[in-house]
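Mind docking chain B on chain A? Use the hints.
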Amino acid sequence: MTSPAEDVDVAAARPQPRRGVSLRDSGPPLALVVIFVAFSALSSDFRSIGNVQNIMDTAAVLAVVTCGITFVLMMGSIDLSAPGVMGAAAIAVALLVANNRNGNELGVIGILLAILLAAALGCVSGLALVLLKVPSFMTTLGVSAVGLGLATLMFNGVQPNITDGTLASWPVERLLGLSYLTWIAFACVLVGYLIQRYTRLGRYAFAIGGAEEVLALSGVKVAPYKVAVFTLAGAFYGLAGVMVTSQLSAGLVQAGKGYDFAAITAAVVGGTLLTGGRGGILHSAVGVLIVMVLTNGLVQVGVSPYWQGGVQGLIVVAAVAAAVLPQRRRNQVTK
Amino acid sequence: MNFKSRPAVALLSLSLAAIALTGCSEESNAGTGGSDKAGACDPADVKLVGQVRNESNPYEASWLDGGDAFAKSVDLEQQRLTYDGDSTKQQEQITQLLAGDTDCLVMNILPNGDSDTPPIVEQAQEAGAYLVTQWNKPADLNVTDYDHWISHITYNGVESGKQIGDALAEAIGGSGGIIALQGILDTGAAKDRFAGLEESLAANPDVKLLDQQTANFSRAEALEVTKTLLTKHGDDVKGIWAANDDMALGALEALKAAGKEGEIAVVGIDAVPDALTAIESGAMTATVSSDGPWQGGIGLAAGYCVATGELDVADIADEDRAWFAEQFLIQQDNVAEYLSPATDEADFECDNVFSRSQGAIS
Numbered sequence: 001m002t003s004p005a006e007d008v009d010v011a012a013a014r015p016q017p018r019r020g021v022s023l024r025d026s027g028p029p030l031a032l033v034v035i036f037v038a039f040s041a042l043s044s045d046f047r048s049i050g051n052v053q054n055i056m057d058t059a060a061v062l063a064v065v066t067c068g069i070t071f072v073l074m075m076g077s078i079d080l081s082a083p084g085v086m087g088a089a090a091i092a093v094a095l096l097v098a099n100n101r102n103g104n105e106l107g108v109i110g111i112l113l114a115i116l117l118a119a120a121l122g123c124v125s126g127l128a129l130v131l132l133k134v135p136s137f138m139t140t141l142g143v144s145a146v147g148l149g150l151a152t153l154m155f156n157g158v159q160p161n162i163t164d165g166t167l168a169s170w171p172v173e174r175l176l177g178l179s180y181l182t183w184i185a186f187a188c189v190l191v192g193y194l195i196q197r198y199t200r201l202g203r204y205a206f207a208i209g210g211a212e213e214v215l216a217l218s219g220v221k222v223a224p225y226k227v228a229v230f231t232l233a234g235a236f237y238g239l240a241g242v243m244v245t246s247q248l249s250a251g252l253v254q255a256g257k258g259y260d261f262a263a264i265t266a267a268v269v270g271g272t273l274l275t276g277g278r279g280g281i282l283h284s285a286v287g288v289l290i291v292m293v294l295t296n297g298l299v300q301v302g303v304s305p306y307w308q309g310g311v312q313g314l315i316v317v318a319a320v321a322a323a324v325l326p327q328r329r330r331n332q333v334t335k
Numbered sequence: 001m002n003f004k005s006r007p008a009v010a011l012l013s014l015s016l017a018a019i020a021l022t023g024c025s026e027e028s029n030a031g032t033g034g035s036d037k038a039g040a041c042d043p044a045d046v047k048l049v050g051q052v053r054n055e056s057n058p059y060e061a062s063w064l065d066g067g068d069a070f071a072k073s074v075d076l077e078q079q080r081l082t083y084d085g086d087s088t089k090q091q092e093q094i095t096q097l098l099a100g101d102t103d104c105l106v107m108n109i110l111p112n113g114d115s116d117t118p119p120i121v122e123q124a125q126e127a128g129a130y131l132v133t134q135w136n137k138p139a140d141l142n143v144t145d146y147d148h149w150i151s152h153i154t155y156n157g158v159e160s161g162k163q164i165g166d167a168l169a170e171a172i173g174g175s176g177g178i179i180a181l182q183g184i185l186d187t188g189a190a191k192d193r194f195a196g197l198e199e200s201l202a203a204n205p206d207v208k209l210l211d212q213q214t215a216n217f218s219r220a221e222a223l224e225v226t227k228t229l230l231t232k233h234g235d236d237v238k239g240i241w242a243a244n245d246d247m248a249l250g251a252l253e254a255l256k257a258a259g260k261e262g263e264i265a266v267v268g269i270d271a272v273p274d275a276l277t278a279i280e281s282g283a284m285t286a287t288v289s290s291d292g293p294w295q296g297g298i299g300l301a302a303g304y305c306v307a308t309g310e311l312d313v314a315d316i317a318d319e320d321r322a323w324f325a326e327q328f329l330i331q332q333d334n335v336a337e338y339l340s341p342a343t344d345e346a347d348f349e350c351d352n353v354f355s356r357s358q359g360a361i362s
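Keeping their order, the protein sequence lines are chains A and B.
Quick note: the first sequence uses full-length UniProt numbering, first residue 1, plus one each step.
Quick note: the second sequence uses full-length UniProt numbering, first residue 1, plus one each step.
Chain A extracted, bound-state conformation (with noise of 0.2 Å):
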């Protein structure tokens, strides 16, 4: 038996068969590299510089979603209370820096506020998850309609416009050819890595996704790591939706719609399991590019719109498909 005290160890000794099979994880860069090759060679439009940078552009808010919804994943759990989260998130950031709803003019500590308030719903829904034993499905939908309720009543028929500076200049200015926005995705990505690689919040939450029944048998109280894990998830919502709010200059309720989803794809589609325990925020950082380069490819090279979402649907569970090959043991359940 463990005690306590070697957890940490425990914890420490797993790492090493996840690089025994990083080879068996190439999947997905290598889709990467081939869609990308392959519209490349269809549009010239599509190699440009200025597409690359559109690209990387358009993904920023998606990848941030992403980075939140991986840990979930990783957990075990699911997570659908992006679009409720961002929304609220959105609507309290557009009424507390500079606007044209009200004197408020906090600035980035109004950015940290509306942070704030998302990574508390997020704690709402883990909470739930860990005291009333509700399905992590099921709270993290109460809690989406939740935030969609407090956006709206926040909303109060009017749009919040945003005047602020600092949020204006993000999706606008640039440095090195990309946008801020850009860049603060870079950021989070960096910063899921590192809280995923190199904390015990990480390395547990990828235990209990492996195996939560062996963790707890070996004294780890579980509980707290997950609600920290959805409330990580929700902070990451939160800033995504301020992303948002940049970009549209406004406030909306909506900021967050079908974000859920496209970033629960791009996980799986970077290889971080459904079923936890596998994966993680560079897999899932690897997703979001397939899934921006093929929404992209698709548009450069011309495929009428009215066969793009089908086309595009096909392509996703084709590279899924790939990507999990190698990882498919012969008798292995798929549900």
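By construction, these hints were calculated from the structure, which means they are not laboratory data.
Worth double-checking, as some hints may not be accurate.
The calculated label-pair distances, taken between Cβ atoms and stated as ranges, are [to be verified]: (1) Gln79(B) x Thr163(A): 31 to 39 Å; (2) Pro138(B) x Ser304(A): 25 to 33 Å; (3) Thr88(B) x Phe261(A): 14 to 22 Å; (4) Gly234(B) x Val311(A): 21 to 29 Å; (5) Gly302(A) x Gln79(B): 31 to 39 Å; (6) Asn156(A) x Leu339(B): 52 to 60 Å.
Below, simulated BS3-like cross-link-like pairs (lysine-lysine); rule was C-alpha separation at most 27 Å, straight line [stated by the list, open to error]: (7) Lys257(A) x Lys208(B); (8) Lys191(B) x Lys208(B); (9) Lys133(A) x Lys221(A); (10) Lys72(B) x Lys257(A); (11) Lys257(A) x Lys256(B); (12) Lys260(B) x Lys208(B); (13) Lys256(B) x Lys208(B).
Glycine included, each C-beta is placed from N, C-alpha and C at the ideal position.
Frame of chain A; chain B shown alone:
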């Protein structure tokens, strides 16, 4: 205690009034040889209900405000209902509403989609409530087959698509490339509006449609699609045609990010407040208004007129049972009139409820 019993007293007095009124109307019906049950309602007994998708949409919020304005003009209150764009929820609300007292109930409904209209109509007809629907109706469902479904009002999307198409062509000097942002592709509104653009393009042969993509009526999606199309077509893009204002506003943000604000003309439809401000400042070229507050008031007004007997369904001409209402092109020269949406009580008088008709739905 006095306070507590107030609902009971109200209920009692209402039912007394109702009994008294039933007596009256029976008498008056008998007097005129009364075959018609319609028009039996005392104005004070009419119950007004407005139902739209959600109040977080400025257009639909202004619709309900228009309903309130009409209700106030006849000393009543409008019950505001929203169903979050959820068809099931809409049907539940209707069923609940019709389970109550329906004799003098007037409903002004925005059905979620075409297929949501038939069950609403059937239920209202059976319960004897007065119904006006707007925007969505299956083409083969005839208003004239029902005597409690007073009217269906909608707008000619081909016309509005063409109006802004022409305004865009004019703004870019009659020649150059444009891109089109379509709505949700399987909706009638998106199809009609795009058909209108195609008509406009046929009339302006030097305007070239470089590309058309869907952004699903969404501001965020329009931002991304426009960015992509700007990198694809670069300086060839002189104008952007969007099937609604939300997408037009998303396109404006994309132009801002690309440093092309003010160089490219943008048009939309719906006249949402932000679009009006953008038109006022010159960032946007044109939009089309269906006049949301008027829509919210007119459905209740038509129902009220029939319920109180000022209007008889049998007397309404067939072409006024399902009709296209007038819509207004807004550009910089006339935007000031639309910046503060308001209703005109004269529009809601029983003689005027069909005055904005542009003809029957063909």
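Tested hints:
1. Against the hinted window of 31 to 39 Å, the Cβ-Cβ separation of Gln79(B) and Thr163(A) comes to about 37 Å, which satisfies the hint.
2. The hinted range of 25 to 33 Å is satisfied by Pro138(B) and Ser304(A), whose Cβ atoms lie roughly 27 Å apart.
3. Checked against the hint of 14 to 22 Å, the pair Thr88(B) and Phe261(A) passes, with Cβ atoms roughly 20 Å apart.
4. Separation of Gly234(B) from Val311(A) is about 25 Å and conforms to the stated range, judged on CB atoms against 21 to 29 Å.
5. At roughly 50 Å, the beta carbons of Gly302(A) and Gln79(B) sit outside the given window of 31 to 39 Å.
6. For Asn156(A) paired with Leu339(B), a C-beta distance near 19 Å fails the hint of 52 to 60 Å.
7. A distance of roughly 33 Å separates the Cα atoms of Lys257(A) and Lys208(B); the hinted pair therefore is violated under the 27 Å criterion.
8. Proposed proximity of Lys191(B) and Lys208(B) is supported: the alpha carbons are some 19 Å apart, at most 27 Å.
9. Taking the CA atoms of Lys133(A) and Lys221(A), the gap is near 15 Å; set against the 27 Å cutoff, the hint holds.
10. Restraint check for Lys72(B) and Lys257(A): the C-alpha separation of about 36 Å exceeds 27 Å, so the hint is violated.
11. Between the alpha carbons of Lys257(A) and Lys256(B) the distance comes to roughly 23 Å, so the proposed pair stays at or under 27 Å and holds.
12. Of the supplied pair hints, the one linking Lys260(B) and Lys208(B) holds, its CA atoms being roughly 20 Å apart against a limit of 27 Å.
13. Of the supplied pair hints, the one linking Lys256(B) and Lys208(B) holds, its CA atoms being roughly 23 Å apart against a limit of 27 Å.
Violation of the numbered hints given earlier is confined to hints 5, 6, 7 and 10; the remaining hints are satisfied by the structure.
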